[in-house]
Each structure stands twice: as C-alpha cells, then as structure tokens.
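Go by the hints and put chains B, C, D, E and F onto chain A.
Below are the chains, spelled out letter by letter.
Number of protein chains: 6
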Amino acid sequence: MVYVTRRATFSAAHRLYNPELSDSENDAIYDKCSNKHGHGHNYIVEVTVAGEPRVETGYVIDLKKLKEIVGREIIDKVDHKHLNIDVEFMQGIIPTAENIAKAFWKVLYQKITEGTLYSIRLHETENNVVEYRGE
Amino acid sequence: MVYVTRRATFSAAHRLYNPELSDSENDAIYDKCSNKHGHGHNYIVEVTVAGEPRVETGYVIDLKKLKEIVGREIIDKVDHKHLNIDVEFMQGIIPTAENIAKAFWKVLYQKITEGTLYSIRLHETENNVVEYRGE
Amino acid sequence: MVYVTRRATFSAAHRLYNPELSDSENDAIYDKCSNKHGHGHNYIVEVTVAGEPRVETGYVIDLKKLKEIVGREIIDKVDHKHLNIDVEFMQGIIPTAENIAKAFWKVLYQKITEGTLYSIRLHETENNVVEYRGE
Amino acid sequence: MVYVTRRATFSAAHRLYNPELSDSENDAIYDKCSNKHGHGHNYIVEVTVAGEPRVETGYVIDLKKLKEIVGREIIDKVDHKHLNIDVEFMQGIIPTAENIAKAFWKVLYQKITEGTLYSIRLHETENNVVEYRGE
Amino acid sequence: MVYVTRRATFSAAHRLYNPELSDSENDAIYDKCSNKHGHGHNYIVEVTVAGEPRVETGYVIDLKKLKEIVGREIIDKVDHKHLNIDVEFMQGIIPTAENIAKAFWKVLYQKITEGTLYSIRLHETENNVVEYRGE
Amino acid sequence: MVYVTRRATFSAAHRLYNPELSDSENDAIYDKCSNKHGHGHNYIVEVTVAGEPRVETGYVIDLKKLKEIVGREIIDKVDHKHLNIDVEFMQGIIPTAENIAKAFWKVLYQKITEGTLYSIRLHETENNVVEYRGE
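Chains as they are written, first to last, in the numbering used here: chain A, 2 to 136; chain B, 2 to 136; chain C, 2 to 136; chain D, 2 to 136; chain E, 2 to 136; chain F, 2 to 136.
With the rest of the complex left out, here is chain A (with noise of 0.2 Å):
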C-alpha cells in the first residue's frame, strides 16, 4: 500500500453563516469571519489516495489523470467562485473548512476508480488547516 497524493490550490470568497440564526448568534459564533460582503483565501487542497502501485506501471494512480479529476470536479467549480452562492455542490452548506473538505470528500469519492480516496486535507490559511478521511 502506498499513498499518493496531489497538491492543488484555488482561491475563493466564503461566508460563515448559519441562516437559521440571527445575525448577533452568527457574529458571536463567526465573528470576523461572518463579514456581509464575504472574505476569501488562497485553498491549498490535497487529495490522498491509497492503493498497491501496478507492476507494470509502478502507478497506484498516475498522478496526472489525479490531476485531471481534481481539476475537473473540484477546482473548476471553486476557484474565483463565491463558495456560498456560485458552488452547485456547496449549497445548503455552511463553508467551513471542515464542512468544504467533507463536500469535496463526496464529489471525488466515487470518482477515484484506481486505488481508494484515502483523505482531503484542507489548507485554508497557512495556519488553520483540516483533514476529512471519511470516517
């Protein structure tokens, strides 16, 4: 078994807030991070999968077909999107790093036909990051 993983980046505008709160509850609860107008990052997201590498290739996945299914089924929809408004898969979602890893942990999951979708990590800031493993 090994682990391979690809690295890649978008950047997108979010807004934490729970519309079934008021707006005091969601400033006590996101405080900056609820601003009306949104703010927004620079992702860094890597997606992890787990397999035994082919003896005829030395590949558990080749890492630009990786490439190709992270870009078409995740950073062509997220990046310079608004994660609240313009993201079909996000909607009805509170983005919060952890719920956007879980999100992006169920488009991909069925879409990883070589080796198993191991885990989403997260990069939101280069401080604050989170890791889903589907568990």
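Wrong hints could be hidden among the right ones.
Note that the list lumps identical chains together, so a pair holds whenever it fits in one copy or between two copies.
[What the hints assert, rightly or not] Below, computed lysine to aspartate or glutamate pairings styled on EDC-like, alpha-carbon distance capped at 20 Å:
no., residue 1, residue 2
1, K68, D80
2, K78, D63
3, K78, E53
4, K37, E115
5, K66, D28
Source of the hints: derived by calculation from the structure; they are not laboratory data.
Note that the structure is predicted; figures quoted are calculated from it, not measured.
What follows is chains B, C, D, E and F alone, placed relative to chain A:
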C-alpha cells in the same frame, strides 16, 4: 543603510471590475477574476523600510512597532473584508494587486517615522507577486 | 470525524544537557546541542484536534478558540524564553523535541474541551520534526 | 511512542519507461515523463522513525545519527545521479515516486536500529507526494 | 512603476560539462554536477516585468497573459526535458543556472510587449538561486 | 552581470541588551527580546554575489565554493552558539538582525574573491527579514 522587512497576511475577497466598462468588456479583460460574487485570496504583504540602524538600539525601526503600524493601518482594515466594498481607502480603485500595493504605500508612507518606506511587496497567490517602491 | 490543526510559532533558547551525566558524557550524546550558553530555534507547533463538526456551526472547534488556548497555555509561556530555565512546565525535563512535544500534550490535553487532542507536531528546524499522539 | 522525522533533499534525473512495453505503450502511459533523454527533480525525502524516547537522552533516535544513516545509505547514492542508470539498488525498478519510496524503505529498514522505521515520504514536485509505511 | 512577477516551475535534467575541456578538467570544475548520465532539478523561475499600471485595467500586464507567454516560450520547451540535448535555444550553452537565466532573458525579452522585462530569477535548488536583469 | 545567491541556516541563541543602558531602559526598548536567559532562532542567511559568469565555466562563483566560504567563515562560528557570548566577531555588538547582517558582511567581504559580495539577507523569523548591501 539596512532594509528591514515585516511580513503580514490577510484574507480578503475582491472582484476585478471597471464600472466604466460594459460587462462584456470586463469579462474580456478580467475573465474569471470578474466573477460577479467575487473570489478571494490569502494575501501576503511585505513592508520594507530603509534606514541606518541607531547606535543605541541596533534597530532601523523596531519591528514590533512596524508590526503595530502595519496591523493598525492596513491589516485591521482589510483582513476578512471585501476590498471593493468594505475598505475606505480602496474606494474607487480597481483592486488589482498593483493598485492594492500602491494604495498600501499611500496609507503607510506618512506613518513610518523611523527610516523611510522603501517597498510594498504583495503576494496575491503563490505564483503572482507585485512590488511598488514609490517610483 | 475531522482533524483540525492550528499552527503556531515561538522562538526560544534551549540546551540539551542531562545533569545526571558528566560533561563529557553530555558532549558525547548531544555534541553541539550541549553548548554551555545554549542555542535556539524558531519552533513551529501544529496542534491537531479530532472530532465531529457540530451541525449548528460546522466547526469541530472554533480555530480562533484553539488559537487562544494554544497561545495562553503554550506560546505565552515559551516564546522568547530559555526552555531549560524560564518555563515552569519544563522543569526537570531535557528539552529535546520529543520531550517538548510530550510536555505540550500534557499541558493541552485537559484544556481542549471541544473535540479531543489528537496530535502535537513540533518542527525544531526545517529538517527535524517530531510528533506525539498520546500513545 | 513519538514519531521523529528527518528531511533530506537530493537532485536526480530519471526516465519513466517500462522496457517490457513498446515505445508507444510507454508514451501512452508515461507521456512526457518518458522523454528519451530523461528529466529530473529536486526530491525531498522525509524519513520517520517511531519509538519511545529514552529516559537518559530524551531521544527516540539522535537525529544527527538518522541524518548520517540517510546520508550514507540513500543521499550519497542518489544525489546528482540518474536513477535508472547510476543507482545499484534501483536496478530493474521503474523509478516512479511510489517505487523509489519502496526501494528507500527496503534499504533503510535494517539500518535503523533505534526505534522502528515508520514511513518514507517522498516529494517529487511541490504538487506530487507519495508515502510508504511498509504496509 | 510597479514590478509584477509570475512564478512557474519545470522539471528538467542537465549535465554541467564543457566539451572544450577534458573529462578530468570537467570533473575538477563541476564535480558531481558533471555526472555522465546527468542529474536534474525542479527549477522555479520568477519572471518580473516593470511598468506603469494602465488606468483602464489596473494591470502592468495581465498575469494570465504573462503566464501564457512564459508557458509557451519557456516552460513547454524545457519541462520534462534534458537541457543539454532537447532544448533548441540552449544548444552550445553550458546549462549552469547563470546561463539558463540569461538564455531565458534572451527568449523572453522580445515577447513581453506590455511593460518591460526587468528580471529573471531562477531557483535551481532551495539553496541556490540566480538572478539576471539584463545588465 | 548575474546575481548568485547561496542560502544557509543556523540555530543560535541571543539576547537584545545594551549594557550602557539600565535594565528598565533595555526592557522599554527590547521588551521580551531582552529576556535575561536569552531566546533563539533558526536564522536563514542568503549571501548574494554579483559578477559576470566566466565563459569557461558558466559560473560567477561556484556555489559549492560559496557554500564552503559561508560555512567556514559564518555558519561554523554561529551555529548552535549564543551570539552574545560565543562568537568572537560579534563581541561588543548588540545582536539585532540589522547588526548581525552588517557583521556577516564585514566577515565575508574580503573572502569572496570571485565576483563581488552584493547583499546579505537575514531572516530572523518567517515575518522579520533584514538586508544589508554595504551601503
């Protein structure tokens, strides 16, 4: 003469859009950077001050003071904000990296009283950087 | 289950020296790390907490709160200090990276009340890193 | 149990090519990675050893010793080399990142006598990383 | 005047060898960099263009255009190549970092039509960097 | 003219303290940097040499030689040391980043015999950097 640099970060949303042009002209110029609901970045700003270290202290300017000035005059006003809407000193300015760097220079130039502001370097992404030296 | 990580930095001096051994034994074990007047590092600590994101907030633990806890319990006590002399919770502990990570775990474990402390990762230099998971 | 990691770098050329397949099959699988005259990378390898820190030293394994082992057994043999041609322990192995990591594991596993080899993590580029844990 | 920089990466093999000198002279000068079968690097190139941002766009040069120019004129020709053999504009040039930077300048200088090429900065490893400014 | 840079790192302790001032004056100027038992950093130093690449070698100065000079004249003398106590060429100098950079310049200037020393850039932390160019 020694050049001292303080690095700081902020996370903001922006939209590249020139209101004097039509939507299709904006699309042609700014492409995905002109997305209606905005997108965002983790900006890194490097503020460089040039001067002679003082004999008594060995400092050009105490970097803790420079951190405070940059924090109060810049970071507090742009972090977790939408640069087109929420920032007074960016009103009427198309928030390209070039224009942000020039706006930061204008804000900071008078506030640096030990040494002289030499450069504003702004990283918009890990691949895109601009620098303004007041020239 | 999502793993959320907060990164923080501190700058400290230390000396690797076991007072129960002779100076020449210390030299043999620790070499230049046993320099009498100490040396120092910009340490990077990554604190990882594991848990289920709450439905209401989308957070395992608000990373601003985790930042405050790590700041108050760890960073304020070790930043710009000599780890062998100035830090109460390091008394009697040889400050190898391994032992520092374990000491941080002991300090933080009870303080994390949302989610569960999963890992302390400590970078002593860009080439030397340790991780402790309470095992 | 503490996990200690030593990071090292080396610069090498390689070519992805399976001699049991035709040139056109190799092109189909490896594309530009199969360029006849090779290409190269600044590889980063992270060697992680797991163990209990010794009471006397506070070390799982002295990272200076781990550096020497990794230097002598790996770096000296692959740095500024062509991995397909110049490296004895890579003979007959297609030098994908997956296979390199497994080969490094095989070389190092017997040489680590304090603690136990836990993981070989190999960065081929800033976007492509593999990890092997002997599973 | 604002300086805008686009960063790009490529992975290539090379060999430092002056065909007008003997093998032993080459060994004396280039040591392990003269390994017969070559070695390689993940090069990072930073292309800086200087100019006045246009009022209409706020751009010195659209960094997407600069990315395209650098991609088409440089990266497509050197990525996953052997610099001594596969690259037309490197023929007859010893591919030291200094000479590569100068060759890139020569290729790019005429192609940058908005603003003026100011600097080519080339990272060969994380410790070795060169810069050429056309002086 | 090409600018070639060699990066090196060292880990040292220091204390900011001017012995000609009282303790309370030192506290007022240096705050936590004046901690009695010192603190420390992983310093990064970038030494830049400017010159014309030689036709025969393609080098301004062989970066292996520059590494040796920086290692012998600087790193060996400051790594794992206390800058206020253990380093002869720092005697009587308050070890601010500004003063360290100037002291390194003074040590290195005569030792660089191919090309000319152009700049000493010193990173004290990831946020604080100074540069001295002999002006």
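When the hints from earlier in the document are held up against this structure, which numbers fail? Numbers 2, 3 and 4, in rising order.
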